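**Student:** If you want the building blocks of each chain, they are given just below.
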Amino acid sequence: MADAASAASRHSLPLARSPIATVSPERVCDGWVVSGCVSTAALTITDLTPLTKVLVRAPVDGEVAAMLGVGHGRAVPARLPTAGSDGDDAGGLDVLVVGSGPGEWTVLTQPGRAGDVIARLDGVCAASPGTVTLVDLTHGRALVRLAGDRAVDVLAKECAVDLSPLRCPDGTALRTVVSGVVADVVRRDREPGHDPLAGPEFVVHVERSSGQYLFDCLCDAGAEFGIEVQGFDGLWGSAGMTAAPPPTVG
Amino acid sequence: MMLLPCPWCGPRDATEFNFLGESRNRPDPGSVTIEQWRDHLYLRANHAGEVTETWYHRAGCRRHLVVVRDLLSNGVRSARSSYGSSVEASEEPQ
Amino acid sequence: MTRRPWRAVRSTTPRGDPGWRLPPQPGEVIDRSRSFTFSWNGRPCSAYEGDTIASALAASGVRVFSRSFKYHRPRGLLTASFHDPGCMVQVGDEPNVRGAHRRAEPGMRVSAQDAWPSLALDVKAANALVRRAIPAGFYYKTVIRPQRLWPAYERVLERFAHGGVVPDSPEYDVSDRFDQRHAHPDVLVAGGGPAGIAAALSASRAGARVMLVEEEADLGGHLRWGGAEQLARLVELRRQVADSDVEVLLDACVLGRYDDNLVSVVHRGLPGIDERLVKARVGTLVVAAGLIERPYVFAGNDVPGVMLSTAVRRLVNVYAVRPGARAVVLTANDEGDAAADDLRRVGVEVVHVEDARSGGDIVRVHGRSRVRGVDLADRRTVACDLVVTATGWTAPVSLLTMAGDRPGYDDAAARFVPGRTSDVVPTGGLVGDGTLDELLAHGAAVGEAAAAGPDHDEREATGAALRPRPHPALFRGRTHGIVDFSEDVSSHDLVAAVDEGYRDVELVKRYTTATMGPAQGKLELVNTVAIVAEATGRSIAQTGTTTWRPPYAPVTLGALAGRPREPRRLSPMHGWHVAHGATPLVAGAWIRPDHYGDPGGEASAVRSSVGIIDVTPIGKLDLHGPDVARLLNLVYVNRWSKLPVGRVRYGVMCAEDGVVLDDGVTGRLGEDHYLMTTTSSGAATVWEWIEGWLQTEHPDWRVHVTPVTTAYASINLAGPRSRDLLSRLVQDIDLAAEAFPYLHVRTGTVAGVEDCVVWRIGFTGELSFEVHVPAGYGLHVWEQLVEQGQDLGVRAFGVEAQRILRLEKGHLIVGQDTDGLTTAEEAALGGLVRVDKQDAVGLPELVVASRQSPRSRLVALVTDDPDLVPAEGGQIVGADGRICGRITSSRLSPTLERSVCLGQLDSALARPGHRVTLRLVDGSTAGAKVAERLAQIDPDGVRLRG
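Residue numbers (numbering that gives the first Met the number 0), protein chains in the order written: chain U, 0 to 249; chain B, 0 to 93; chain L, 0 to 945.
Quick caveat, the hints were computed from the structure, so don't treat them as lab data.
Because the structure is a prediction, the values reported are computed rather than measured.
Please note that a few of the clues may not be correct.
Straight-line Cα separation of at most 25 Å, DMTMM-like style, residue types lysine to aspartate or glutamate; simulated pairs [said to hold, decoys possible]:
#1 L:Lys278 - U:Asp219
#2 L:Lys278 - U:Glu200
#3 L:Lys278 - U:Glu223
#4 L:Lys836 - B:Asp38
#5 L:Lys278 - U:Asp161
#6 L:Lys278 - U:Asp148
Next comes chain U alone, as it looks inside the complex (with noise of 0.2 Å):
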């Protein structure tokens, strides 16, 4: 805490907060004040608060509909094509495109790029017909990750929607109640095969104001399981992106 704090007032660039308290030791990533902790734990609850997060309004079937490439209920990796001058990103914006509601996605990518997606995004949308809003929700919403064999049966003692294999495969995108608030959960697992922590991942995302309150319930819940805390590590996980470059959108 002294260190970031001290950080924002040497360099006046002011940090962004998530509204889950980080456990220590704290670090920056990206301009956010993270939990730096590592865990090894085979449940694990993370902040990913930090992550970019842009609503996306549009008619459930128009253009924008197929150029995000995915509806209501799934969620897909996709690569944003590159606006131009960014060099970091030679071959587009690795994102995740969730189909949160009918006519109504939330891409999430890494921290800070919600500029990036929107102008790439709207560079696409203009030219489509409809009304079409993009909105930067990522003040706006508290998100985690719940990792490991048994995040099912954490989620299935604050949530009533069977969230099993057999009905929540990968890629299985839903809004629903857990622990009594309204919460988008994602079910997005990492490529077997490439990453040792390969397992059943959920995110579970509510507005900000609930995030902490979401994260005690979640670490209760997770607590017969033996649940742990771990550092921010970004979408995709430490092991870094998946292996195959997911589609191009557009």
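Given chain U, work out where chains B and L should sit, using these hints.
**Tutor:** This is chains B and L only, laid out in the frame that chain U set:
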């Protein structure tokens, strides 16, 4: 607890929805008399049988749904988005 | 409280007896290599692992486990099972533990309930002597008048009511003791007897996800007390279950079946928690609840030592306990015969077997705290210490009736049998009697059909039918005895109720409380129905049953509550508020700072220099699209079509009935882009309200609504120095009055944070700016404001100071100064309403309201006594004493150094200067007059426009 077959999200607990009552056509506010308006506001058929209702999937797709439900058996015959969407779910009454 | 002397119970052990624990039995579940002690009423009692509390006590010679509910008669083991009504005990801090079901554990502290002052010397047993004082329906007859004595009645009744003791100490923390989880089996089988096991196995083999729920600690049902062949078959069945994918919940009880096959199960015996409620959404519910043996009604049928045949078979075969020394057996079926055989086999002297199939009967039992003898039908009296009855079965059809089934009464079999429902199906003893192979075949067929899903209608084609065998109809003998052992209702009480005119069994139930105790009808319902039928001269079928409702068995409130889950919402600055001594205010799910110790001082700081308040909870909706103005025109009562970019307008929403719903400001950020604010409590309502209009009435309008309430931390800077303060943090917005006037909105960078929205709005009546900061930076901006405003005397203020300030300014709060009937006119907002619209929410009501004077009107009131702060909600009365209004808000104003109030007043009286009378809480009255304007400070709005 009742399940509602949401055309977008599949069957969900009724507590995920807001119940907005029998579906009724809103009279034209420009031509309606105040008596007709108040009938519209306060009078319900409360039919003992199948009734067309509006439900809002607050904790899911956030769509207003037209639900045909049998008030005697709680069986839901069909549920669809409130405006002409092709998406529809149905379930035989119990 | 003194405890029952230990020796009183030991005295029931016949002198010279070799002991009550039998030598090893083939089916016993106790582990004789592991023994331990627990305490019973403070005295040690030894047990083996696998013993229930009751079996260990019975093996130690204990015969009296509790006192009955009403007459406080001594009670012993009746069923020796989960449902035994006679041995509810207190275990440590846990009341109402089923002693014949709960496994004994080392060091457990067990004590008797319902005994006062002690089990042996129970003064309440005097009730039995004054039976007339507690007649049928005594609740309704005896304790009615005078009403002022009710508290005294309650204290006495509490003493006599069921139940143990829930500790009232701070150490008693239930939060970790209860848990819940959801499950989604395709098939849930309720009952782990042979038919249930077969159903679960075959459903699992057919590919279904199966949950098998058994209330006892082991699978097997009646096989557990069977002979060698049955035990061998049980071993094989258990092996098949262990090898399958069936999820087995032992020590778990299905409580209820609700709409769409939501099935609740309470699961015990888990590590670390007492109870877990499983909420299972089930495809097909298979009910394999078996049969419950029915007690027989005769005089003395509740004396300790009178037992059901299944109780004897459990005690002997499962727990290796000798139930008595000299037994008389009344049998009408094979199970009774087998119980007699069991007793003989283990060396109990069976002095007489009375065969009810050939007219045998028991007339009365002698003894009070133990059986001493029994009168038989042929007038002989036989000395004994154990009376066993086997007089028939009750089919526990409750889960079926919860699914809408109406069981029918089978005269020949003298029991109820299930009808038919689609997604809840019975198997096993519930359906009929059969050999083990027949039960297994039926279960397997039902399980396979269940796996095919509730719509599968081939279920009848199982070819494995079970039918109830004929059985003599035995309910009550020739004397009166106890029918409901839980509630202490006798057959005499039931007949008396019928004599008093209660002929309907549902009415008799409510009048006598029969079937309303912990046994919930499973032991006593059919006897109740039979006795009412007899008393009314009708058949059992004509009499019908009472309705079985959830729960199947009593459940703790802790299990239903689960883990504490109370959603709470926190602003990004919450930690700062806590660190600076804020008193929390719970507002819906939000936890807000009410004040930081001195609300009056906080309010004064705003009036004199500058204050900052965290207003993050105010609702914010991002509105985007070409038709936003049409939407605003529809949902607000005022006009919105010509709001320029960069401007802000206050708006009021009414519902279709013209009642004020919410208010707030909306600013236009871009050509098609608006930001709407709502009240904190109305945020969700307004969002859904707007979605409703867009989706149902105007799906053609191109508007997207996105809730962004918590995407922004909202901070209001209020006070004459607020511009000075904000200017220190803002470079790219010209804050000068001319460049950024009141009711305007700008976007820019605040304290280095981009994409902030800055509004010239305020609730306090002072010059004020509201800053909406991307929420992750909320704490940063807040801390910068505090730091940069030190020399200006900046002070954080809470909700209470804001309430004072807005009241001084005469700003209303929807829901505080309005209620569920208040129209815009009555809220003094009529000036905003525009009825020359094509459409607006509630337009016909707005038109009517604009043409007639409102019933009441919001006014500011000035009390004659400046120090008087009348209570909110207090009445305003006219000269004739008639109520003509109410105080809606009142506070002491630190600025005016007097009270300020708003109130709703009959419109005829709502004239400036009119005098009214306030009726105060203590009954006294005080004078007040109607003020000129709602605002008591800066009524012309000079300050806020500064």
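**Student:** Sort out which numbered hints this structure fails and list those numbers smallest first.
**Tutor:** No hint contradicted; all consistent.
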